[in-house]
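J.: 54 is the number that our numbering gives to position 54 of the sequence shown; each next residue is one higher, with no gaps.
Keep in mind that the hints are not guaranteed to be accurate.
[Stated by the list, open to error] For each label pair, taking beta carbons as the anchor points, the in silico distance ranges come out as:
1) S100 to T28: 36 to 44 angstroms
2) Q93 to Y23: 24 to 32 angstroms
3) L62 to K95: 21 to 29 angstroms
4) Q105 to F53: 15 to 23 angstroms
5) S85 to Y23: 33 to 41 angstroms
6) D61 to L92: 26 to 34 angstroms
7) G20 to Q105: 41 to 49 angstroms
8) L62 to D99: 23 to 31 angstroms
9) N106 to Y23: 39 to 47 angstroms
10) T28 to D64: 16 to 24 angstroms
Derived from the structure by calculation, the hints contain no laboratory data.
Don't be surprised by glycine CBs; every beta carbon is placed ideally from N, CA and C.
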Amino acid sequence: MELTLQDAQRKVDEWIQTVGVRYFNELTNMAILMEEVGEVARIVARMYGEQSFKESDEAYDLADEMADVLWTLICLANQTGIDLSVAFEKNLQKKTLRDSRRHQQNPKL
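Build out the structure end to end from the sequences listed, making use of the hints.
T.: Shown next as structure tokens:
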């Protein structure tokens, strides 16, 4: 199933309105976003970095934690009136203009 950013924003909003009662305020969602990003970092550090898993870490699911980050980011976008599809396209254009030669000329890559 293909899901656009607009679809995802709509689905999150529908869920919030019917199941979640209301959005947490923006500051709460920002704190939750940082918490979720930290959980992704913890898993990546253990899967691809030099840290080892503890018994309490082994139930973590990287895909699920990434989805939690996306969910919370979508909540913030919805409650601040940001269309992520539009924002993403503008950001891609910015990166393309800014970095059109930079990465190709980077000897480290």
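J.: Does each hint fit the structure? Answer for all of them.
T.: Hint-by-hint comparison with the structure:
The hinted range of 36 to 44 angstroms is satisfied by S100 and T28, whose Cβ atoms lie roughly 39 angstroms apart. With their beta carbons about 29 angstroms apart, Q93 and Y23 fall inside the hinted range of 24 to 32 angstroms. Separation of L62 from K95 is about 25 angstroms and conforms to the stated range, judged on CB atoms against 21 to 29 angstroms. Here the CB-CB span from Q105 to F53 is close to 39 angstroms, at odds with the stated 15 to 23 angstroms.
Between S85 and Y23 the beta carbons are some 20 angstroms apart, a value that contradicts the proposed interval 33 to 41 angstroms. Between D61 and L92, the C-beta spacing of about 29 angstroms keeps the proposed range 26 to 34 angstroms intact. Hint check: G20 to Q105, Cβ distance near 47 angstroms, so the stated range 41 to 49 angstroms holds. At about 27 angstroms, the CB distance of L62 to D99 agrees with the hint of 23 to 31 angstroms.
Taken as a hint, the range 39 to 47 angstroms holds for the pair N106 and Y23, whose Cβ atoms sit roughly 41 angstroms apart. With their beta carbons about 21 angstroms apart, T28 and D64 fall inside the hinted range of 16 to 24 angstroms.
Hint check: violations occur at hints 4 and 5; the rest are consistent with the structure.
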